[in-house]
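Colleague: So you can see what is in the structure, the chains are spelled out below.
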Amino acid sequence: MASLNLTQLRRHFGTVKAVDNIDLAVNDGQFVALLGPSGCGKTTTLRMIAGLELPDSGEIKIGEKPVTHLPPRDRNIAMVFQDYALYPHMTVAENVGYPLKVRNVQAVDIRARVNNVAEQLQINHLLERRPSQLSGGQQQRVALARAVIHKAQITLYDEPLSNLDSKLRLEARAFLKHLQREVGVTSVYVTHDQAEAMALADLIVVMNDGKIMQVGSPKDIYQTPANMFVAGFIGSPPMNLMACTVDAATRTLRFGDNLALQWQHDLPQGAHGQVTFGIRPEYVSIRPAGEPGTLDAKLYVMQMLGSESLIMLHVGNQLVSARLIADDLPELPERVGIALDQKRGFFYGTDGNRLI
Amino acid sequence: MKSGWLARVLSNILGVALALFFLVPMLWFVFAPFNEHATLSVRIPENFTLNNFQVVFSNETAVRSLLQNSVIISGGVMVLTALIATLAAYGFSRGSLPGREIITYILILFSSVVTGTASLVPIFVLIYNLGMFNTYQGVILATVGGMLPTSIFIMRDFIDGLPRSYEEAAMVSGASPLQIFRDIVFPTLRPGVLVVAVMAFVSGWGAFLTPLILIRNASMRPASIAFYQFYSDEGSPNIPLVSTYAVLYTLPALLLYLFINARYGFRFFGGIKQ
Amino acid sequence: MQQRTVLSRPISLAFISPAFILIALFLIYPFFSIFSMSFTNQALTGAAAKNPQYVGLDNYAELLDFDTWMTRGEFGSSILITAQFVLGSALIGQAGLGMSIALLFYRRNDLLRHLVYTLAIIAWITPDVVIGFAWFAFLDPNTGTLNNILGLFGLPAQDWLLKFPMLSIIAFNTWRGTAFSMLLFTSALSAISPSYLETSQVIGASRWQQFRDILLPMLHTTIATDLILITLWTFNTFTPYLLTGGGPGYQTELVSIYTYRIGLQNFEFGRGSAVAVAVMLINLVLASVYLIVSRARKTK
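Residue numbers (the numbering used here), protein chains in the order written: chain Z, 510 to 865; chain G, 259 to 532; chain S, 4 to 303.
Please keep in mind that the hints were generated in silico from the structure rather than gathered at the bench.
Every residue gets a Cβ at the ideal spot worked out from N, C-alpha and C, and that includes glycine.
One or more hints might be untrue.
[To be verified] If you want the ones that stay clear, here's a sample from chain G, every Cβ over 12 Å from chain Z, calculated: (1) Phe292; (2) Glu294; (3) Glu425; (4) Gly432; (5) Phe444; (6) Gln487; (7) Asn519.
[Unchecked claim] Computed footprint of chain G on chain S; a stretch qualifies when at least three of its residues, placed anywhere within it, have a C-beta under 8 Å from a C-beta of chain G: (8) 13 to 22; (9) 109 to 119; (10) 234 to 242; (11) 246 to 254; (12) 267 to 281.
Could you put together the complete structure from these sequences and hints?
Modeller: Rendered as structure tokens:
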């Protein structure tokens, strides 16, 4: 196990800035998720840590050792691939034991370690099969087994659950979390699935356009998004982001004609004039039309999502979602009022960053 | 169907005619080897006999040509072509060489230009000057050289179909380039290697002109030229023996090719050589 | 730009080098050596064997001596013979028959189809020497199978190789090489979605119209590919030598056989090289056309 440090890491493909001067520090034993939309640079970052891709500039350190230009085999890492990359001509046991075989470990010892790991991952009954005879979930476990067998300093995961169907994915996610608690190895996990990142990671790194948008615990990322990108990316549905004009002197927020709201708390520094107001749908509640302290809204659509309902409304010309925990869709008139939980609201400046 | 039974019957008659067209010139080989008094006409043997085979197998030179010289030459061509082409195709496909597309096309161009009797004039002189005249390796290397571009092209097709993550997983696991090639790439490319190997074997086995020109020593000549063992001094063939030898010589290559064709189907790779 | 590849540059060069050495030695060097050899009078025996003399363009002048070059057994004549042979056996014979078979068995998968395909492939893949002998027996003037069959219909026996040598080798090469065109057209036809033909059937197109308006336009690059390749191969084939030896009276002396006689039987390397240069230049044109067509097909 080891810590991982990326310093000013950069990788451009032609004019595309795949990874643009990022810095990241991962502590020994931490599980980090790189999260972002496709093309945000998360996979390129992971592949540079693996040594499968070389950076244009910057430095990568595993523990105290700079590894920036070392080939993968000199980094003592393990990696789980999206398509698992199980060798079709080898049995499960041979696949799992391969990292030990290339390190010239004795056959007897390989066998013992393979049995050990297979037990831990509950694949001991599959050892003599070929990858083509396994289900998707089983293949995924074999790939995990191959990654944990040689006690790497860092384990890298490239969207390892994305080829599973949704039910299996939940099972595999729980298993991975369980395994991580047992093995406790420093891990970097690439995913575009925020629920996966939230569920697994100690630390989430949100990326966009080759840059790091925010680094924080799952709770931080969800509850205090540092900028409009993270606010709009995290959460399903994401945070409401409403154009708003603030009069700091009177603490008045205007969302359009006849849509003013009195702010009850201290406004953050710089919250004046044109800003964006952000609030999660669960902190938007529906009230009778015209109630004081509410904004007038017109019902647009209601969606029943099982344990909750999603109500979408027009406030002026802006679309706002409200989330209701209820067994059934409420009966609502066409015109209602909405109340915002002011303690849960954020202001974002014109540069997109949260005003504090 | 509008076109009814008449069209069906006509097309079947045409099909049978085509089958006969391809069959009849070869039919002779089905019967002549089993007839001690075979002539050039197709006759079902009255006294079925394996005597011809016995006589052929007692001709030491002919047997050596078939079971030693031909096997060494086409085996050598097969092993070298498959190994060298796979290595090169892998180097082209996974290395960082500039202009590899153009290089492949230029090589294919050369292999189709430097071919046939025209190429044998300079190759004869070259082999002669290299001191490889009258040697197995002269024939083997000259044949392999001509086959390589197309074989590399075919192997590249197979390598391009190989997921890169196999090799990346092996790299991360700690394998060296040679280990990756030996443990992962070569075994997973088995179908491609097999196709190239069989093509090379069949063409080495059937080669007639190259060994005719590059090997003058009768005891080293492959089966394709050893037919003359069964000609009289005046140059007329002993028909039963020639036909028997032809069958013995043809079957291995033919069966191998049909097997590969049935298993992997006809693949046309844009290679320019047969 | 740095990109980690599986093989570093020195290692990939090491992987390529065995192939490169053999190709350089047996394809590239011969190509260039014949040019220089063609300006000499080099030979295996005689005075010129030890000290070949530079003779300038003499070999080419002799080859292209327009007073004699169309005489039987000379270069011009062999080119003309080869052109007839390519036209008859490759362009008309192999391509025509190959296309006919592919169409006849279009969307059929019965015993007859397998029989015809297997027999055609056997004819294609059986070694040259054996095929040569088979046809030698088949065309034999006295007891050959062909004459026996004609006899059943009351037709007179012929000495085919003596009386109709050109026709014989054209029929021979058609029989020998049809399988390639047949397989190529079959795989191209099977890649065409049946819905195109079904649509035209619904409209009421005849079979000929379906072929002309639907299949032919979709096959035209395949046809081009096929024609160039079989032209190239047929242009260089030596196998008819096994039937006729180029005779009688040089009537079937193809360029490949002419080259063989000059360069590899008479061992006049200088003159043989001049012929080889001419042959390879023609090959170069055919192969270049092929590569252009196939690259165009790839990008399409």
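Colleague: Would you mind marking each hint as holding or not holding in the structure?
Modeller: Hint by hint, here is what the structure shows:
1. Phe292: holds, 44 Å
2. Glu294: holds, 51 Å
3. Glu425: Incorrect as stated: the minimum Cβ-Cβ distance to chain Z is 9 Å, not above 12 Å.
4. Gly432: At about 4 Å from chain Z, G/Gly432 fails to clear the 12 Å cut-off, so the statement is violated.
5. Phe444: G/Phe444 is in fact no farther than 12 Å from some Cβ atom of chain Z, at 10 Å.
6. Gln487: holds, 45 Å
7. Asn519: G/Asn519 clear of chain Z: closest Cβ-Cβ about 23 Å, beyond 12 Å.
8. 13 to 22: holds (count 8)
9. 109 to 119: It holds: at least three residues are needed, and the stretch 109 to 119 of chain S offers 4 whose Cβ sits within less than 8 Å of chain G.
10. 234 to 242: Coverage by chain G holds here, the residue count being 5 at a Cβ distance below 8 Å.
11. 246 to 254: Violated - the stretch 246 to 254 of chain S has 0 residues with a Cβ nearer than 8 Å to chain G, which falls short of three.
12. 267 to 281: Check passed, 6 qualifying residues.
Hint compliance for this structure: hints 3, 4, 5 and 11 are broken, all remaining hints hold.
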